[in-house]
Amino acid sequence: MSSLPDMNHEDHAMNDHEESAVSRTKRPWRRAVSAVGLLAGMAFLASCSKNSPQDTWKPKGENAQKIDDLQRPVFLVAGIVGVLVVIAVGYAVMRFRDRGQPIPKQTHGKPALEIVLTIIPFVILATIGVFTARSIVDLADTDGCEMTVNVTGQQWWWEYDYPVTPANQKWGIEKPIVTSGELVIPTGTCVLLRETSRDVIHSYWIPALNGKKDAVPGRVHENKLQADKPGYYSGQCTEFCGLSHANMRQWAIALDPPEFAKWVENQQRDAVAYAEDDTSPEAEGYRAFRQNCSRCHQVNGMQNADGTPTIAAPENNIVAGAVPNLTHLMSRSRFAGATFQLLNNDCNDRLVKAASDQLGAIYLEGVDSKCLNRQQLEQWLRNAPEMKPMYVKPDEQGRLRGMPNLGLSEAQIDSIVTYLQTLK
Amino acid sequence: MFPTGSKLFLGLTGAAVAGFVVFGFFQEWNTVGVVGLGSAIVVLAFLAGVVIYTRDADVAAGDATAAASAPAAQPAPSNSLWPLVGALGGGLVVVGLVTDKRFLVGGFAVLFVALVEWMVQGWSERASGDAKYNRAVRGFILHPLEMPILGAIGLGAIIFSFSRIMLKSDHVVGPSLFIALAALITFFGFVFAAKRRPSKAVAAGICTIGALGILAGGIWSAAAGERPELAEEGHIFRDTPEEKSERSKCGEEVTEADEKASGSLASKSSISAEVTLRDGVLEVREFGRPADRLHVARGNTVNVIFKNEGGEEEPRRLAAQYLANGVDENGKPTTDLQQVTVCTNAIEDGKVQLLTLVVPKPSVAAPEGKEFKIFVPGVETAELPLEVPA
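Residue numbers (our numbering), protein chains in the order written: chain S, 1 to 424; chain V, 1001 to 1390.
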């Protein structure tokens, strides 16, 4: 009897030992299952995002649809292959794990299996390759495009230049249109983009309308966009291009052809030139703008005091040699590389969430005094580099990258914003 | 009394003394030569003394071990090619002094290499009595320098040769060569992968033959010159200040060797527009599409191809006229606008030229009479607007 406690103790010790051994073997599995569950949960939750304007799985035009038609089966095949490989590896790990058994006879090669395992990936990749090549050729074919826009990237905004070509003249473009941040295109139309850059390499991408294409200084790369329905499509520079790369946004606004024609007509108008003796707040702002902003920013139609056209000289002040033309600033919904809203939140929501048949009319309203996000615009004029990181140190020729802090007084800021509101 | 070696130095010392006296006497003891000859007397006398003292470094006849194992007792090292290479370097230096700076620099480089190699070879061959060890010592010192440099030179030669071949090859031969080379590499790669024990010698032999083939092709291509359409681009003006002013005048023809051809290749691969002179008028095609003007985005680099298909005997050039900021005495841009004219060189009928434009100002800035335009000097009807939006 006296030995019982000892025996029990030994049994307990043995049981503890076995339990701990079992738990040691089980715990890694629990951890693995937990990790896989966590990852699957994260992937599942991420896939449920509704506010994802740059979702590559939601094509809104012919070109993006071609990419989508290619990527879905490829992902499906890759997923099946991935699952099969994971199962095979898991089976091999479990089935042949070390349990103290003798090492089996070692052999080299199994030609039949190796050939099969070579042929299967070859066939899969060759099939994918054929369809990929066909898609690439289709996407590179710009011959049928009915409109041309020159797209130029620079730190950290995009310029859109609609040249006067026979094709563009059919859309009413009789005078070059230069705008920035927002690319306005007609729906159901293949729009040829000629992309280049004035400083470093950028990359243009509107995921809902097509794949990305690099904009390289000294070279012109052709791309094309087509939107099926009116819409407000988001994009992002996808080539790291310096300090404010993350703030280099782009938007494509697709309008029905009649609304696009109205937009074209408006964009070709010059801004009002105020008389020098005009004392209205807008005229005061006009002169304040001319004094402080027109060294870099062009406003078509603006005149110097002697009546000659005011020509901006961005090449003297900015490394890229260009800054946004502000002639129709208030016809856009964003500013500063399309990063900040010109519209307040209510008006912005009204635009972004508009039904496709209403979007054009809302967009063409532009920014009126009720919708203006005045606070943010004033903040920008107060100290631009504080809102959007930019290099403030000038280069050897005294030129900057981005807009500097101009040191404007509150009265000047107020006056300039008043004038900017007239630029519709 | 005097060992053999010392007699040479004694004789040289005597000659130096004689020279010193004669030269000093006739030059009144007042020239650099006197100092040099005096220095020579001191050095040669010192060497003579050392040789006499060491008895020509003869190993004593009784010291059998030293006689057999001392470095000095080893057979004389084999002949060295480095003095010959050094002489070649010296020759290059002389040629370079009277012809081209590149020969001069190359000559000095060859001289330096020969000097280092010869010095290390001379030292290593006497490092010990063991020839194998001596070779290992030489390799230990020089291989870390020789291998990367020779590798870089070899790789550079192959890349350069390949580039010469591609610059010579036209659009049919170039891709064909690429395909053939890729097929060959794949074939040999497959053959070697299929073999269990591929022979190193065979692999080295194939690589050597391939490299020699590319080098030979490169030499032949370089000698034959680049393909005609590239060589023509050699007339593009360089961007030196002097030539900029020359270019702006669009006056006298400036020709230069075809060294610029490679540089223009990249520009020619991204053409924004083709401007053709035909029947006395200019025709523009922007990205293959006809246009009634040349549209250039402000501040962008734009490459334009000019084709002379005018059918005239007289060579023609394309010129572009626009406005740009002036420059102050410090080279900084001013707000004053100046009219600028850039142009290609004049080319004969059927030829092609490249014009690269960067227009900083919008065309709306032009006052009357100074409108932005492209034109062919001497052909009044060949003129089109150059449109640069604001």
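Please note that a few of the clues may not be correct.
As the list claims (entries may be wrong) - Interface residues of chain V toward chain S, partial, derived using beta-carbon atoms under 7 Å:
{"hint": "1", "residue": "Pro1003"}
{"hint": "2", "residue": "Gly1106"}
{"hint": "3", "residue": "Gly1107"}
{"hint": "4", "residue": "Ser1270"}
{"hint": "5", "residue": "Ser1272"}
{"hint": "6", "residue": "Ala1291"}
{"hint": "7", "residue": "Arg1298"}
{"hint": "8", "residue": "Asn1300"}
{"hint": "9", "residue": "Gly1326"}
{"hint": "10", "residue": "Asn1330"}
{"hint": "11", "residue": "Ala1366"}
{"hint": "12", "residue": "Gly1369"}
{"hint": "13", "residue": "Pro1385"}
Claimed, not checked - The calculated DSS-like cross-link candidates involving lysine-lysine, where the alpha carbons are at most 30 Å apart (straight line), are:
{"hint": "14", "chain 1": "V", "residue 1": "Lys1307", "chain 2": "S", "residue 2": "Lys170"}
{"hint": "15", "chain 1": "S", "residue 1": "Lys388", "chain 2": "S", "residue 2": "Lys370"}
{"hint": "16", "chain 1": "S", "residue 1": "Lys105", "chain 2": "V", "residue 2": "Lys1195"}
{"hint": "17", "chain 1": "S", "residue 1": "Lys370", "chain 2": "S", "residue 2": "Lys262"}
{"hint": "18", "chain 1": "S", "residue 1": "Lys110", "chain 2": "V", "residue 2": "Lys1200"}
{"hint": "19", "chain 1": "S", "residue 1": "Lys175", "chain 2": "V", "residue 2": "Lys1268"}
{"hint": "20", "chain 1": "V", "residue 1": "Lys1195", "chain 2": "S", "residue 2": "Lys175"}
{"hint": "21", "chain 1": "S", "residue 1": "Lys175", "chain 2": "S", "residue 2": "Lys58"}
{"hint": "22", "chain 1": "V", "residue 1": "Lys1268", "chain 2": "S", "residue 2": "Lys213"}
{"hint": "23", "chain 1": "S", "residue 1": "Lys393", "chain 2": "V", "residue 2": "Lys1268"}
{"hint": "24", "chain 1": "S", "residue 1": "Lys212", "chain 2": "V", "residue 2": "Lys1268"}
{"hint": "25", "chain 1": "S", "residue 1": "Lys393", "chain 2": "S", "residue 2": "Lys262"}
{"hint": "26", "chain 1": "S", "residue 1": "Lys388", "chain 2": "V", "residue 2": "Lys1332"}
Just so you know, these hints were derived from the structure itself, not from any lab.
Don't be surprised by glycine CBs; every beta carbon is placed ideally from N, CA and C.
Exercise. Can you list which hints this structure breaks, lowest number first?
Worked result: Result: hints 1, 2, 3, 9, 10, 11, 12, 13, 20, 21, 23, 25 break, sorted rising.
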